[in-house]
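Protein chains in written order, with the working numbering: chain A, 1 to 211; chain B, 1 to 266.
Incorrect hints may appear among the rest.
Residues of chain B placed beyond 12 Å of chain A at every Cβ, according to the derived structure [unchecked claim]: (1) Asn-33; (2) Gly-47; (3) Leu-109; (4) Cys-117; (5) Pro-130; (6) Thr-155; (7) Asp-186; (8) Gly-202; (9) Leu-216; (10) Asp-231.
One-sided excerpt, in silico: chain B residues whose CB lies under 10 Å from chain A [claimed, not checked]: (11) Thr-10; (12) Ser-11; (13) Glu-53; (14) Ser-76; (15) Ser-78; (16) Met-129; (17) Val-168; (18) Asn-198.
By construction, these hints were calculated from the structure, which means they are not laboratory data. By construction, the Cβ of each residue, glycine as well, lies at the ideal position given by its N, Cα and C atoms.
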Amino acid sequence: MSYQTLLDAVIKGDIKTATEETLKAVDAGGNAQDILDQGLIEAMNIVGDKFSKGAMFVPQMLRSAKTMQECVEALKPHFQENAMTTKGKIVIGTVKGDLHDIGKNLVRMMLEGAGFSIIDLGVDVPPEVFVDKIKEAKADVLGMSALLSTTMPSMTKTIKALVDSGLRDTVKVIVGGAPVTRKYAEDIGADSYAPDAGSAVLEAKKLLNIS
Amino acid sequence: MLIVGENINTSRRGIAEAVEKQDAEFIVQAAKNQADAGADFIDVNAGTFVDRETEYLCWLVKTVQDAVDLPLCLDSPSPDALSEAIKHHRGEPMINSISLEKDRFDAMLPIVTAQPCRIVALCMTETAMPVTIQERVQAAGELIHRLTAEGVAPTNIYIDPLVQPVSVDTRMGNAVLGAIKTIMNDFPGVNTICGLSNISYGLPMRRLINSTFLSLCILQGLSAAILDPTDKRLMANLLSTRMILGKDEYCADFIDAYQNGILIKD
Chain A
1 MSYQTLLDAV IKGDIKTATE ETLKAVDAGG NAQDILDQGL IEAMNIVGDK
51 FSKGAMFVPQ MLRSAKTMQE CVEALKPHFQ ENAMTTKGKI VIGTVKGDLH
101 DIGKNLVRMM LEGAGFSIID LGVDVPPEVF VDKIKEAKAD VLGMSALLST
151 TMPSMTKTIK ALVDSGLRDT VKVIVGGAPV TRKYAEDIGA DSYAPDAGSA
201 VLEAKKLLNI S
Chain B
1 MLIVGENINT SRRGIAEAVE KQDAEFIVQA AKNQADAGAD FIDVNAGTFV
51 DRETEYLCWL VKTVQDAVDL PLCLDSPSPD ALSEAIKHHR GEPMINSISL
101 EKDRFDAMLP IVTAQPCRIV ALCMTETAMP VTIQERVQAA GELIHRLTAE
151 GVAPTNIYID PLVQPVSVDT RMGNAVLGAI KTIMNDFPGV NTICGLSNIS
201 YGLPMRRLIN STFLSLCILQ GLSAAILDPT DKRLMANLLS TRMILGKDEY
251 CADFIDAYQN GILIKD
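Looking at chain A on its own, in the form it has when it is part of the complex (with noise of 0.2 Å):
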């Protein structure tokens, strides 16, 4: 089956288009898992790797991933319950004393597209929250944001929590937010760092072994 004109539905976020697709794809006896994976999850990846190239810009990303959620409500019926699989689950926040959103919004967005669970703790995350959610959800990603220097001391402090409940090795840590770099990834500790949201998926796949 061809999906074609869905992925350019969603690519062009054509709400309207998109979903009628996503639905004549079901009715013409389609697989959804099928469906989401080769038609709403390879769209986001061709609009991730068109934004990291510079050839879309944000508003048009977001409009795909706003047409992407629209198809995803439209086809979750048509699965058998709970059986719509996920490429892993990742838990994500700004941290402690840290307010900014707006970049980490983004990420869950992009990360939500490429097929991750999502559970988003929202801004001014302490470390015991991350702990606890993680341990909870058996999460395999944490995303942690930071947008001050003031804040940034927090990341080191969630992986120190991390790793004091024992549960350091079950998660990979990626960080991410204007003031931080890659080396500050790296001397406190976290598997990757993300600049922006096309490659926070990028870094979420590579660390999960997803191609």
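Assemble the complex: chain A is given as a structure, and chain B must be docked to it using the hints.
Leaving out everything else, chain B in the frame of chain A:
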């Protein structure tokens, strides 16, 4: 219109390298270029060096003021870095910044009231970034109330309405413009200040967007801007906007800039 030159910030690669190598000459040149281009204050920010921010910020203060006779805008969210940097500053600095988040306000208040200085106050609410005009104006009112209660002169307060990208939410431009207008109208004597580049995050042609945004901010009464004064096109836009809005008597600033070669592109 007060101009704060933004170029000495360690989030810029050249500056970060110069600071690490303690290359005073490079920093002095960046400061002089901005002073020559019309900066009233030179911003210094070493925020990317988390562990050495205080040390580097103090070094920047000394290095810049050794070469340029201008006050500085000491730019850090860290009370420790600011209180140390102030000790090395000559004249009255601008301190960037204080906000209503409880810990930050309490830690910053004794620092900004210890000596005469201009204070940049961010329109953050206590628990979130502001979205609407109303949230910004409310935060501004609270900041002004609490600062003046501690003896700060309204004219030393610079409210930053917090510019956020229109790429993420197309209401963000109007939210800031409306807030500037209301704050300038409701709180006589108080100033408004903002940076420009956040508005264009995630979009192409960012310099054009920043420049257009600056004009609209000036129209609403913005009293100070944090920008790159060596960007000649931006400065030409600033000067012509002020002139058209009747803020430049006899068009003198615009003509002077032209005759001094500041408006010529490159």
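According to the definition I'm using, a residue is off the interface if its beta carbon is farther than 12 Å from all beta carbons of the partner; does B/Leu-109 meet that for chain A?
At roughly 16 Å from the nearest Cβ of chain A, B/Leu-109 sits farther out than 12 Å, so the non-interface label holds.
Should the interface hint for B/Met-129 be scored as holding, given a Cβ-Cβ cut-off of 10 Å against chain A?
holds (6 Å)
Over 12 Å to the closest beta carbon of chain A is the bar; see if B/Cys-117 clears it.
holds (20 Å)
Just double-check B/Asp-186 for me: nearest Cβ-Cβ distance to chain A has to come out over 12 Å.
Given a closest Cβ separation of 24 Å, the condition holds.
Interface hint for B/Asn-198, Cβ within 10 Å of any Cβ on chain A
holds (9 Å)
Checking hints one by one. Is B/Ser-78 an interface residue toward chain A, by the C-beta closer than 10 Å rule?
holds (5 Å)
For B/Asp-231, which was marked as not at the interface, is the minimum beta-carbon distance to chain A over 12 Å?
The assertion about B/Asp-231 holds, with a minimum of 21 Å to chain A.
Decide, holds or violated, for the assertion that all CB atoms of chain A are farther than 12 Å from the CB of B/Pro-130.
violated (10 Å)
Does the closest beta carbon of chain A sit nearer than 10 Å to the beta carbon of B/Glu-53?
holds (6 Å)
Reported absence of B/Gly-202 from the contact zone with chain A (all CB gaps over 12 Å):
violated (3 Å)
Holds or violated: is the Cβ of B/Ser-11 closer than 10 Å to a Cβ in chain A?
With a minimum Cβ separation of about 6 Å from chain A (threshold 10 Å), the hint on B/Ser-11 holds.
Can we confirm that no CB of chain A comes within 12 Å of the CB of B/Thr-155?
Non-interface label on B/Thr-155 holds, nearest chain A Cβ at 28 Å vs cutoff 12 Å.
In this structure, the earlier hints numbered 2, 5, 8 are contradicted, and the remaining ones agree with it.
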